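Student: Sequence:
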Amino acid sequence: MKLSLFVLMLFIGVILTIHLTMNAQVGVIIKNAKIGNAVFWTIGAITAIIIGFTSFDSEALARVKEVPLWLLTAGAMGAALVFGIAWTMPQIGAGSAVVLMIAGQIITGMVVSHFGAFGSPVEPVSMMKIIGALLLIGGAGIVTLAK
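Numbering (this note's numbering), first residue to last: 11 to 157.
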């Protein structure tokens, strides 16, 4: 079961890279990354609503008021980060952009897991995990930066 979840997350990483590259290209084509991002998020919002309503639950909607406001800012964070990626990627390249994002995700993921933040299972940082993260970041950097 867990292996299938790992494979799913690997696949999501592939799709995320393709998605972000596509979003960046829209901004390049229309010569306005902000409008390109708005178009993507509009389509994304419509898709999210359709997905959400496939399992409509009025009780879940009623419980939204129980969610702390700061957690709801994740939607705005997502829109801002995708815009940032779409604006930056055409300037530094998809490879460098993804490597830098992966490095940030590895470091943040280790910290979040170490402290069990946001309900994540606690997984203490160990020297072996630090070495693994450094090897992954270093390897990704070499692949991206090697000419």
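To be clear, the hints were calculated from the coordinates, so they are not data collected in a lab.
Quick caveat: nothing in here was measured; it's all calculated off a predicted structure.
Errors might be hidden in some of the hints.
In silico SDA-like cross-links for lysine to any residue, where the CA-CA straight-line distance does not exceed 20 angstroms [claimed, not checked]:
| no. | residue 1 | residue 2 |
| --- | --- | --- |
| 1 | K139 | G126 |
| 2 | K139 | V121 |
| 3 | K139 | G103 |
| 4 | K41 | I116 |
| 5 | K44 | G126 |
| 6 | K75 | A86 |
| 7 | K44 | L26 |
| 8 | K139 | M111 |
Student: Hint by hint, where does the structure go against what was stated? Just the numbers, ascending.
Tutor: Violated hints: 3, 4, 5; rest satisfied.
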